[in-house]
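Chain by chain, the residues:
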Amino acid sequence: MNLTLFVWRQKKPAEPGRLEQYTAKNVSRDMSFLEMLDEVNEGLVKEGREPIAFDHDCREGICGTCSQVINGIPHGGQERTTVCQLHMRKFKDGDTIYIEPWRAKAFPIIKDLIVDRSALDRIIQAGGYISNHTGGSADGNAILIPKPDADVAMDAAECIGCGACVAACPNGSAMLFTAAKVTQLAMLPQGRVEAAKRVCVMTEAMLKEGFGNCTNHYECQAACPKGIKVSFIAKLNREFIKAQVSQ
Amino acid sequence: MILDGKCPSGPLAEKWTKHCRDMKLVNPSNKRKYKIIVVGTGLAGASAAATLGELGYNVESFCYQDSPRRAHSIAAQGGINAAKNYANDGDSIYRLFYDTIKGGDFRSREANVYRLAEISNNIIDQCVAQGVPFARDYAGYLDFRSFGGTQVSRTFYARGQTGQQLLLGAYSAFSRQVKLGTVKVHPRSEMLDLVVVDGEAKGITVRDMVTGEISCYAGDAVCLCTGGYVNVYYLSTNAQGCNVTANYRAYKKGAFFANPCYTQIHPTCIPVTGDHQSKLTLMSESLRNDGRVWVPLKKGDKRAPHEIPENERDYYLERKYPSFGNLAPRDISSRAAKEACDEGRGVGPSGLGVYLDFAEAIERLGENVIRARYGNLFEMYERITGEDAYKQPMRIYPALHYAMGGLWVDYNLQSNLPGLFVLGEANFSDHGANRLGASALMQGLGDGYFVIPYTIANYLAQTKPGKVSAEHPEFKKSISDVETMTKKLLSINGKKTVKEFHRELGRVMWENVGMARSEESLKNAIKRIPEIRAEFWENVKVTGSGNDLNQDLERAGRVADFLEFGELLARDALNRNESCGGHFRVEYQMPDGEAKRDDENYCYVAAWGFRGTDKEPELHKEPLEFESVNLGIRSYK
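The listed protein sequences correspond, in order, to chains A and B. Start counting the first sequence at 1; every next residue gets the next number (my numbering). Start counting the second sequence at 1001; every next residue gets the next number (my numbering).
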């Protein structure tokens, strides 16, 4: 099939960007979306033009590197699917596709479709961990964890940190990302010790980085390639209120 | 040169304890005076940086990804082994050690493997304390399951995402140290050279992948935690960015490369659909418990699978290996698939695939049972292929996915260059010629959490902190070398893209140095690779400039190294006139097709020293001495 692409091109963070038109010819239905872009880039390189810069790595939906807004939807709209797992059989001959970077105040564009998501790292650095030491841990079975709690912790821990939730949110909020980490650790007995402090410092870091607040649009859940639920945001709010009250 | 692995003397079970007692320590108040450079943030790198930072060292961490959390350890699915014996099924440290050394076809160092088994239990405890959400049973205890190559249940797991959860655990410990200021993180930074001063590793040269700036970092020691090299085959289950550059450039600076020919091929991956293919996706091997592998009896049979009657199908694994059938070991089933396809009986559009058929299991057990067992895998298969494996057989094909070989290290994980330590998949030390499932995670974390903090202190205690600064002429020279190479790559302006060269190299590697290697095929590869390399340096086209984010340039540098490394891999395979583990030479096989080892002549680690790009490398040997186990035949019958 043949496709018309409009791709966001931006040379540098400070320079204005624009949508540029490209044609993707002879696209196979079996290609992944990124392989389709690879082929477009091969063509550009052969013509001596700069290829489209985009982030990607594992190409199996787990590293969270790939990050494109396709036709207005982060990761392209296939349920629980990252861009790298999106395949061209979801498109048809003659389609026009718009490809843009994640757009959020806290994610400055570096080049073309590549943005700087280090703000998410800084939220974790603020306190998204248990402050244990290497070594000296008790036997793994010394802490018993009810299976339902362990399962909820795992549901939350599946977050791949791609930032689609932020890109999908009209407020550019990182509540779903933050809530997933807060919930994972708050569900586990070993994470309870620092739970109150953790939720406060992570929330503070989130606001400091320029992420917006949650006003219950639930776009984050719809965009999340790992099916992280907005109920975790309720959990974050509850943990936050508990922490405020107890202080 | 005969290399010394520096294994401590004494009984196997006491070596590590004794060694810990004998090693020198660095005083707590002196630790902050030492700077340690850690390259890579996967399981090995993140755990090492977090632990060394916590001990009080000054750590500078580098990764090519945009965040340390994205290193490729994240993609490991199955689980992590530990000798907890929670199942009460006869497991022990010794048994985990023995399974690992046998699985490696008796080509690893006894003392290292024993230590790995010994610390395996601490790893689980450490990860639980960090909040890694391991699977639990209904009483709240840690759940576990069995895995290939063992007869006990010792594999701990977090759904199908164990690697992700362990990496995020290490990343959280790492992030805590970043906050505390002991670890400084440099994402989107690619190591392009190792700086060696007076024979010791004292720093690295790095390209900032956003600004293009090339700069140096001096340190008292360098830890390479830079992963495996199987992307030399172009297609593999590795991430796109995985490369050999850091390791290869350390090799060019004098570090020895050990056993590069030990590569592992996984039998159940989703097949290639065309030249556009950029990577291969692994499907859990557990599928072979219920799926039957077959190809049509006739060559070039293009009928749809359901149109091929039972008597015109060849269930070749059941036919050739009646006792093991579809559960034949990884290397044997991989080779059998390749043979069937080479005979022209492969299936799918490319002809490079075999069927993995669940029809019989669905009829016997019902679709619901199959859905409960493998639902997520069937879903993943459908996402990639658009095919419903409940209605038609899956198509699978083997793919490269792990490198057992790596930079040579001694028992202290130190390479032959003092001050250079190598951890995780990047070193060669623990898996011999073949790695067992659920052992890679164990090794990465073991090296980072529990080995390097002890052994690096022993080195640092004997060196003055800040002995060499980045002002040293070796650093200036290194920067200028890297800049020269960058300029060269950008100035060729030829006709072929970097990807075209990589694909061509991959084809030569897969055809000649893949699952079945022969003297003839290896000689062919050793002839072909330098030709491709020569053409690369004449005719590659790299666009853009060196002064900003340039993915084309990044890839060009990596492929340039693969084009040299591939030849080294082939030379190692040619030198090893035996079959063992993942290295299969067609000339050396048992009548039943099993690998035929030659313990008399090849029971050694082959560690190669660089002598020049177009010169043959120098072979150094480390004899493998077995004090505790008898070299047996690796049979799973």
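Everything labelled a hint here was simulated from the structure, so no lab data went into it. Any given hint might turn out to be false.
[To be verified] With a straight-line Cα cutoff of 35 Å, these simulated DSBU-like cross-link-like pairs (lysine-lysine) come out:
1) B:K1018 / B:K1184
2) A:K208 / B:K1302
3) B:K1467 / B:K1495
4) A:K25 / B:K1621
5) B:K1467 / B:K1179
6) A:K90 / B:K1018
7) A:K11 / B:K1031
None of the values given here were measured: they were computed from a predicted structure.
Checked hints:
1. B:K1018 / B:K1184: 34 Å, holds
2. A:K208 / B:K1302: 61 Å, violated
3. B:K1467 / B:K1495: Between B:K1467 and B:K1495 the Cα gap is close to 47 Å, so the pair fails against 35 Å, i.e. violated.
4. A:K25 / B:K1621: Status violated; Cα separation ~53 Å.
5. B:K1467 / B:K1179: 28 Å, holds
6. A:K90 / B:K1018: 61 Å, violated
7. A:K11 / B:K1031: 43 Å, violated
The structure fails to meet hints 2, 3, 4, 6 and 7 from the earlier list, while all remaining hints are met.
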